[in-house]
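Engineer: One letter stands for each residue in the lines below.
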Amino acid sequence: MSGHSTYKPSNGFTKWIDSRLPIVRLVHDAGVSYPTPKNLNYWWTFGGILTLCLGIQIITGIVLAMHYIPQTDLAFASVEHIMRDVNYGWLLRYVHANGASMFFIAVYVHMFRGLYYGSYKAPREILWILGVLIYVLMMASAFFGYVLPWGQMSFWGATVITNLFSAIPVVGQSISTWLWGGYAIGDPTLNRFFSLHYLFPFLIVGVVVLHIWALHVTGQNNPTGVEPKGDKDTVPFTPYATAKDALGMSLFLILFAYFVFFNPLGLGDVANSEIANPLKTPPHIVPEWYLLPFYAILRAVPDKLGGVLLMFSAIAVLFVLPWLDTSKVRSARFRPIYKQFFWLHLIVCIGLGWCGAQTPDLVITHVGSAESGINFTVTHLARILSFYYFFHFIILFPLLGLIEKPKPLPESISASVLGTAKS
Amino acid sequence: MAEIHADEPTRRDFLYVATGAFAAVGAATAVWPLIDQMNPDASVLALASIELDIGAIPVGQEITVKWRGKPVFVRHRSDAEIQAAEAVDISTLRDPQTDDARLVKGPSGQLEKQWLILIGICTHLGCIPLAYKGEFNGYLCPCHGSVYDTSGRIRQGPAPLNLEVPPYKFVSDTKIQIG
Numbered sequence: 001m002s003g004h005s006t007y008k009p010s011n012g013f014t015k016w017i018d019s020r021l022p023i024v025r026l027v028h029d030a031g032v033s034y035p036t037p038k039n040l041n042y043w044w045t046f047g048g049i050l051t052l053c054l055g056i057q058i059i060t061g062i063v064l065a066m067h068y069i070p071q072t073d074l075a076f077a078s079v080e081h082i083m084r085d086v087n088y089g090w091l092l093r094y095v096h097a098n099g100a101s102m103f104f105i106a107v108y109v110h111m112f113r114g115l116y117y118g119s120y121k122a123p124r125e126i127l128w129i130l131g132v133l134i135y136v137l138m139m140a141s142a143f144f145g146y147v148l149p150w151g152q153m154s155f156w157g158a159t160v161i162t163n164l165f166s167a168i169p170v171v172g173q174s175i176s177t178w179l180w181g182g183y184a185i186g187d188p189t190l191n192r193f194f195s196l197h198y199l200f201p202f203l204i205v206g207v208v209v210l211h212i213w214a215l216h217v218t219g220q221n222n223p224t225g226v227e228p229k230g231d232k233d234t235v236p237f238t239p240y241a242t243a244k245d246a247l248g249m250s251l252f253l254i255l256f257a258y259f260v261f262f263n264p265l266g267l268g269d270v271a272n273s274e275i276a277n278p279l280k281t282p283p284h285i286v287p288e289w290y291l292l293p294f295y296a297i298l299r300a301v302p303d304k305l306g307g308v309l310l311m312f313s314a315i316a317v318l319f320v321l322p323w324l325d326t327s328k329v330r331s332a333r334f335r336p337i338y339k340q341f342f343w344l345h346l347i348v349c350i351g352l353g354w355c356g357a358q359t360p361d362l363v364i365t366h367v368g369s370a371e372s373g374i375n376f377t378v379t380h381l382a383r384i385l386s387f388y389y390f391f392h393f394i395i396l397f398p399l400l401g402l403i404e405k406p407k408p409l410p411e412s413i414s415a416s417v418l419g420t421a422k423s
Numbered sequence: 001m002a003e004i005h006a007d008e009p010t011r012r013d014f015l016y017v018a019t020g021a022f023a024a025v026g027a028a029t030a031v032w033p034l035i036d037q038m039n040p041d042a043s044v045l046a047l048a049s050i051e052l053d054i055g056a057i058p059v060g061q062e063i064t065v066k067w068r069g070k071p072v073f074v075r076h077r078s079d080a081e082i083q084a085a086e087a088v089d090i091s092t093l094r095d096p097q098t099d100d101a102r103l104v105k106g107p108s109g110q111l112e113k114q115w116l117i118l119i120g121i122c123t124h125l126g127c128i129p130l131a132y133k134g135e136f137n138g139y140l141c142p143c144h145g146s147v148y149d150t151s152g153r154i155r156q157g158p159a160p161l162n163l164e165v166p167p168y169k170f171v172s173d174t175k176i177q178i179g
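As they're listed, the protein sequences go chains A and B. With the numbering used here as the guide, the letters of the first sequence map in order to residues 1 to 423. With the numbering used here as the guide, the letters of the second sequence map in order to residues 1 to 179.
Fair warning: there could be bad hints in the mix.
Unchecked claim - Pairwise CB distance ranges (calculated):
{"no.": "1", "chain 1": "B", "residue 1": "L34", "chain 2": "A", "residue 2": "S19", "range": "41 to 47 Å"}
{"no.": "2", "chain 1": "B", "residue 1": "R12", "chain 2": "A", "residue 2": "H4", "range": "41 to 47 Å"}
{"no.": "3", "chain 1": "B", "residue 1": "R12", "chain 2": "A", "residue 2": "L305", "range": "48 to 54 Å"}
{"no.": "4", "chain 1": "B", "residue 1": "G20", "chain 2": "A", "residue 2": "V209", "range": "28 to 34 Å"}
{"no.": "5", "chain 1": "B", "residue 1": "L34", "chain 2": "A", "residue 2": "H4", "range": "41 to 47 Å"}
{"no.": "6", "chain 1": "A", "residue 1": "F387", "chain 2": "B", "residue 2": "A23", "range": "47 to 53 Å"}
{"no.": "7", "chain 1": "B", "residue 1": "A21", "chain 2": "A", "residue 2": "P408", "range": "58 to 64 Å"}
It should be emphasised that the hints constitute simulated quantities derived from the structure, not laboratory data. Just so you know, these numbers come straight off a predicted model, no measurement behind them. Note that CB positions come from ideal geometry on N, CA and C, so glycine has one too.
Take the sequences, apply the hints, and build the full model.
Structural biologist: As structure tokens, then:
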């Protein structure tokens with residue numbers, strides 16, 4: 001944790017550096033001697049994996065920008081050019097495109113880990129909020145990036161998303177026009193999205209620095225949720241966490257490589273292989289998989305403004321999570337009731353994702369008699385699941401802390417690891 | 001400098017606040033060009049009107065033209081379509097509007113009832129509705145199922161408003177100017 005530094009410059013040169021710019025000391029304190037709880041499991045390697053994802057996206061992105069042309073007549077062709085003519089262009093583009101999906105897989109694991117082990121609770125509220133902010137910036141970056149290849153889904157996805165703002169009373173239409181730089185999505189829109197797509201990853205880097213800074217002030221949470229009580233409960237970051245993170249990253253890269261080399265289009269939409277046509281809407285518009293749950297919430301509401309508000313609330317509620325949860329116990333290991341609702345909530349989120357991918361009037365089952373019964377559609381299911389999504393955070397979170405009787409907490413991390421805790 | 005203890009704001013306090021306020025207004029003014037540059041530029045605004053010959057569109061058919069980057073539907077309505085649009089009880093509509101209010105007068109001074117001109121963008125989330133589809137044989141949006149009638153008025157589904165009528169006028173019997 002922050003505070004005292006254990007770095008000792010070993011020779012005259014490093015002493016000279018250290019008294020002028022203590023950068024070696026910074027790296028040593030943050031990445032070598034930083035004490036980590038000794039019971040961290042593999043779910044804790046996703047922070048490192050996410051840093052790797054961000055690095056991969058920035059490097060491949062900068063290279064792709066050397067070949068891409070942000071102009072509506074040429075954008076689609078320039079992407080084809082990258083795929084066919086540029087040396088290793090296919091590899092760079094597939095890594096970048098699938099990298100976005102991998103980034104979101106990792107961030108969802110990271111977030112649900114935080115939810116399970118109560119990592120958002122005091123004193124880690126700001127750490128959590130910065131994380132949610134990174135998530136929001138990631139979604140914006142992904143959205144801008146998805147428009148750039150100028151396929152059918154790029155164009156119509158952008159149309160639907162930018163039209164969300166037109167739901168705002170009075171000024172909505174002016175905001176949409178302002179975002180477009182015209183009266184529809186066109187050249188000005190594509191150009192500014194390219195500019196912003198290049199900017200946002202560096203904003204993410206900035207917030208990641210704050211996120212890691214906040215992490216190093218509070219220290220990491222751990223599977224017991226009990227704060228380390230001294231040196232006995234921690235190990236130095238290097239080599240212990242470094243090695244564990246490296247193994248986690250390697251395993252994750254295997255999954256990454258599977259998609260890049262064996263199923264590069266598996267996570268995308270086939271409609272985006274067709275060039276954007278502003279006069280023809282595809283029969284079924286869907287966002288990328290990582291935005292589907294929010295899309296399902298948007299469509300579950302029969303009112304335009306209401307749907308937009310509810311969708312943004314689904315993200316906004318995450319910011320206030322630390323204050324909605326009244327339980328003093330962090331880890332779900334010791335919260336028998338919360339633990340079950342955690343899994344239910346995960347299933348609901350996946351269910352919402354499924355709903356978002358279907359056409360809204362798809363009939364799931366028929367309820368009642370053949371003549372007078374009603375068809376239970378995807379929209380109905382999405383409404384039930386959306387209701388639970390908010391119920392979980394707004395009702396259950398404050399309530400469970402009051403009615404749940406937690407299991408006894410271990411005395412310390414060491415006691416828990418050595419199995420001496422009586423529980 | 002001697003310290004001044006006064007309950008009343010001093011002339012110096014006033015100067016601080018005035019200077020600060022002036023700087024804040026100056027900074028805000030400097031931000032405006034950065035915001036306004038994103039609005040439609042002069043070249044986009046210059047393309048704001050088009051002329052169109054509609055003489056060749058047969059009754060019961062529709063063409064789509066591009067105006068300001070948006071699709072515009074030009075529909076030559078049949079008598080049955082006009083009657084269906086006029087027969088609707090306005091009070092039952094989500095966005096109440098008579099059929100006549102959505103048409104313009106021709107050179108003769110009469111309403112050109114057979115010509116329906118609409119911006120072909122669903123008022124829900126901006127998809128393009130399909131013509132001659134849906135319960136009222138007007139328009140059906142394939143994205144989220146909004147249904148419009150033969151006057152382009154919203155009848156079913158999530159869209160809040162009628163299909164927008166662009167500003168247009170008849171420059172001759174068979175020619176219109178949109179924009």
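Engineer: Look at each hint and say if it fits the structure.
Structural biologist: Cross-check of the supplied hints:
no. : hint                        : verdict
1   : B:L34 to A:S19: 41 to 47 Å  : holds, 42 Å
2   : B:R12 to A:H4: 41 to 47 Å   : holds, 45 Å
3   : B:R12 to A:L305: 48 to 54 Å : holds, 50 Å
4   : B:G20 to A:V209: 28 to 34 Å : holds, 31 Å
5   : B:L34 to A:H4: 41 to 47 Å   : holds, 45 Å
6   : A:F387 to B:A23: 47 to 53 Å : holds, 50 Å
7   : B:A21 to A:P408: 58 to 64 Å : holds, 60 Å
Hint violations for this structure: none, all hints satisfied.
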